[in-house]
Amino acid sequence: MSVLLQDGRRGGHLRWATQGIQLGIVDGVVISPFHTPRVAVPHHYAGAKVASEVTDAGGEAVFDPTTHARLLPSSDDLAHYDTWQLWGLSGVGLDTDVRRLEHLERVFIRQHELSAPSLAPTMTLDSPLGVEADQALRTAHLARGLERDCWQAVSGRRSFWRSGADLDAYTGQLAALRAPCWMLTMVNDTVVDNAPDLADTDAFAGFCRTVHSLSQRGRVIVCHADYGGLPAVAAGASDIGTGWDRGMRYFDPHSFQLTSGGVQIPASYVTQGRLGSVLRRDTADTIARLDEAQALVLRGGPMPIDDAAERVHHLRQLHGLVIAINGHGLARVARVNELRTFYEQAMADFTNLLGRLPRGSISESLLTRWLGDPHKVLERYARAENLW
Amino acid sequence: MAPPDSVNVLRTARNLGERVEQDELVAEAQAALGAAELSPMRTGGQKYVYRAQLEGVSVVVKIVAIPETAYATVVLERARREVELLSTVESAYVVRVMSEAVEIGDRPEAVCWVEEMLDGSDLGDLRSTFPWDVNQTWPLIADVAQGLAACHELDVVHRDLSPGNVRRRDDGRFALMDPGFARHLARTALTGLYQPGTPGYLTPEHIPGGQPTLASDIFGLGILAFQALTATLPLQPTGDDAADYNQLKTGQVPPLRDIRRDVPEDLAAIVDRCLQRQPARRYLDAAELLEDLPSADARSASLVSS
Numbered sequence: 200m201s202v203l204l205q206d207g208r209r210g211g212h213l214r215w216a217t218q219g220i221q222l223g224i225v226d227g228v229v230i231s232p233f234h235t236p237r238v239a240v241p242h243h244y245a246g247a248k249v250a251s252e253v254t255d256a257g258g259e260a261v262f263d264p265t266t267h268a269r270l271l272p273s274s275d276d277l278a279h280y281d282t283w284q285l286w287g288l289s290g291v292g293l294d295t296d297v298r299r300l301e302h303l304e305r306v307f308i309r310q311h312e313l314s315a316p317s318l319a320p321t322m323t324l325d326s327p328l329g330v331e332a333d334q335a336l337r338t339a340h341l342a343r344g345l346e347r348d349c350w351q352a353v354s355g356r357r358s359f360w361r362s363g364a365d366l367d368a369y370t371g372q373l374a375a376l377r378a379p380c381w382m383l384t385m386v387n388d389t390v391v392d393n394a395p396d397l398a399d400t401d402a403f404a405g406f407c408r409t410v411h412s413l414s415q416r417g418r419v420i421v422c423h424a425d426y427g428g429l430p431a432v433a434a435g436a437s438d439i440g441t442g443w444d445r446g447m448r449y450f451d452p453h454s455f456q457l458t459s460g461g462v463q464i465p466a467s468y469v470t471q472g473r474l475g476s477v478l479r480r481d482t483a484d485t486i487a488r489l490d491e492a493q494a495l496v497l498r499g500g501p502m503p504i505d506d507a508a509e510r511v512h513h514l515r516q517l518h519g520l521v522i523a524i525n526g527h528g529l530a531r532v533a534r535v536n537e538l539r540t541f542y543e544q545a546m547a548d549f550t551n552l553l554g555r556l557p558r559g560s561i562s563e564s565l566l567t568r569w570l571g572d573p574h575k576v577l578e579r580y581a582r583a584e585n586l587w
Numbered sequence: 005m006a007p008p009d010s011v012n013v014l015r016t017a018r019n020l021g022e023r024v025e026q027d028e029l030v031a032e033a034q035a036a037l038g039a040a041e042l043s044p045m046r047t048g049g050q051k052y053v054y055r056a057q058l059e060g061v062s063v064v065v066k067i068v069a070i071p072e073t074a075y076a077t078v079v080l081e082r083a084r085r086e087v088e089l090l091s092t093v094e095s096a097y098v099v100r101v102m103s104e105a106v107e108i109g110d111r112p113e114a115v116c117w118v119e120e121m122l123d124g125s126d127l128g129d130l131r132s133t134f135p136w137d138v139n140q141t142w143p144l145i146a147d148v149a150q151g152l153a154a155c156h157e158l159d160v161v162h163r164d165l166s167p168g169n170v171r172r173r174d175d176g177r178f179a180l181m182d183p184g185f186a187r188h189l190a191r192t193a194l195t196g197l198y199q200p201g202t203p204g205y206l207t208p209e210h211i212p213g214g215q216p217t218l219a220s221d222i223f224g225l226g227i228l229a230f231q232a233l234t235a236t237l238p239l240q241p242t243g244d245d246a247a248d249y250n251q252l253k254t255g256q257v258p259p260l261r262d263i264r265r266d267v268p269e270d271l272a273a274i275v276d277r278c279l280q281r282q283p284a285r286r287y288l289d290a291a292e293l294l295e296d297l298p299s300a301d302a303r304s305a306s307l308v309s310s
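Read top to bottom, the protein sequences are chains A and B. According to the working numbering, the first sequence holds residues 200 to 587 in order. According to the working numbering, the second sequence holds residues 5 to 310 in order.
It should be emphasised that the hints constitute simulated quantities derived from the structure, not laboratory data. Remember, it's a predicted structure, so these values are computed and weren't measured experimentally. Each hint should be verified, as a subset may be incorrect.
[Stated by the list, open to error] Computed Cβ-Cβ distance ranges for the label pairs, DEER-style:
#, chain 1, residue 1, chain 2, residue 2, range
1, B, Ala-302, A, Arg-377, 23 to 29 Å
2, B, Ala-273, A, Ala-547, 51 to 57 Å
3, A, Ser-358, B, Pro-143, 42 to 48 Å
4, A, Val-291, B, Glu-88, 53 to 59 Å
5, A, Ile-308, B, Glu-88, 35 to 41 Å
6, B, Gly-213, A, Gly-290, 43 to 49 Å
7, B, Gly-128, A, Leu-345, 42 to 48 Å
[Unchecked claim] A partial selection of chain A residues facing chain B, derived with a Cβ cut-off under 8 Å:
#, residue
8, Thr-370
9, Ser-412
10, Met-502
Built from N, CA and C at the ideal position, the CB exists for glycine as well.
So that you can see chain A by itself, here it is in the shape it has in the complex (with noise of 0.2 Å):
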């Protein structure tokens, strides 16, 4: 496993999912009651077509119920959400036994009907302390009693995943539960661009020291996170969450709201593999002009012509990058030097470009938003670790 497909309203979602299974670029897809509705609609599928098509590509068909998304007060975008029915006649909460066992039935219930495996809901917490994560760590335990083998899921912001000691006591009682895959979730309160804000380095290295611990004993999936989720793929993750647009890439609470203006389809950019970017195609236009072949050397291939080639080669470059640092096993300290590696190498060739390239072509900024803040986390982590 490596690279999953977060869910997304694209028309052409389940089309491109399966294609890039059948070129062994993408492992499978995360299907989210958001995005996917039980009962087909107009340029909608099914949930139950889109995990079948997913797993008869030879794919990984995962439900995630999104609760941690659903109990935003923010979210409203209910309408494909609601025909799966997931919540009980005491309410839409986790607060209560009655509700949290109304909804871990109904969620097992649907993962059943997909052939998906059991993947216990949880909410978004903003620290390790207090009645929220109590009742997020009640859900997984009763989630357990339901079903012993069940995934779990744990969901945060910032300052979750910040609060060091108390995090790490959090976590020591999520792992009791031995859960034999965990899929984590950064949650970004905004995402105002397609570039990664790894800038809250406590947070990300918290991140990070968490997948470490819970990557012991189960699979751990970081959930919407593309490059952004490198490191966290480092301290021991196998998978990352990705996919078209940036609400696919990185948790987006708009991407559940009704306001959010629908589908936040980019403008035209293009990976450029050994620089860990998405730099826009202007950019990548103006990077060619100066050395076609050095271009070809950083994208990783040829130009994409197209966004749908730019969507393979996307998903090509990152696949590529996590299979590489899955190749070290659980070996940290190789896996840690993997990206290490990697960020020195593409931060000199990025630095080199900086430096060739017209003025304003391409702004400073983004080398510290795609590799240099980064690459702080990794050396955080690591450090801590003794991996660094």
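Given chain A's structure and the hints, the job is docking chain B onto it.
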């Protein structure tokens, strides 16, 4: 302020009153349990421990006095829990309870019960013999882990592993005692509560608001093994609660071999893992620890090669 001689008079009177009360409790417990020849072994807090005879067999009688305060319910519940737990756990490495918890008085004023008499000595009485050899320490880890595994199988955390709660039998086996603070995870509210424990033997989950897990007992066992091998505590209490809690919460115990180089790597690795600050990095429970323990033969081989 009263002059010193008045203080002594008051103290003597109080002690005398307590002794009279204690004598009454003993008499009632003796009658209730059918035990005879009670002779005091030790007193700790509200618990009185006696050596006694029950139908010709040497036994231990424990009496817990219930205070006339709001704390009474907690003490009563803890005593009941200790007996309930001991009667549920079946292990050669956990002391056996031989009666139910019997309440004395209408209030009630005390709870008493009978446990098997274990020969040997408490680990607390053996501290002067530390540091131990490796071949003395492996059985400590293996046997206490066996006892803990019997508790953990029932989702019960002992929560108070300390030298006073582990006994080395005359045949060399170790047994776990006094799970008076044990907590059944499934029956526990998940909100944070103050955790009991013995200074020097607290775990990172013992801090106020901390949540005990089965891995907390693993840390406790790590402390005992570390102390047995080095004659020092891994995290020395300072007497300043805030500083000690902070040390527990954020500090990492140094690797065992930094302190004692001649400990074999496999043993050191196990103790170090038990003492990981992050519970997820420890053995999650005693069964997992037991899986990782080398066989007795492998331990002997490791001893020879070291």
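Hint check results:
| no. | hint | in the structure |
| --- | --- | --- |
| 1 | B:Ala-302 <-> A:Arg-377: 23 to 29 Å | 26 Å, holds |
| 2 | B:Ala-273 <-> A:Ala-547: 51 to 57 Å | 39 Å, violated |
| 3 | A:Ser-358 <-> B:Pro-143: 42 to 48 Å | 46 Å, holds |
| 4 | A:Val-291 <-> B:Glu-88: 53 to 59 Å | 39 Å, violated |
| 5 | A:Ile-308 <-> B:Glu-88: 35 to 41 Å | 37 Å, holds |
| 6 | B:Gly-213 <-> A:Gly-290: 43 to 49 Å | 30 Å, violated |
| 7 | B:Gly-128 <-> A:Leu-345: 42 to 48 Å | 44 Å, holds |
| 8 | Thr-370 | 5 Å, holds |
| 9 | Ser-412 | 4 Å, holds |
| 10 | Met-502 | 45 Å, violated |
Going through the hint list in order, the structure does not satisfy hints 2, 4, 6, 10.
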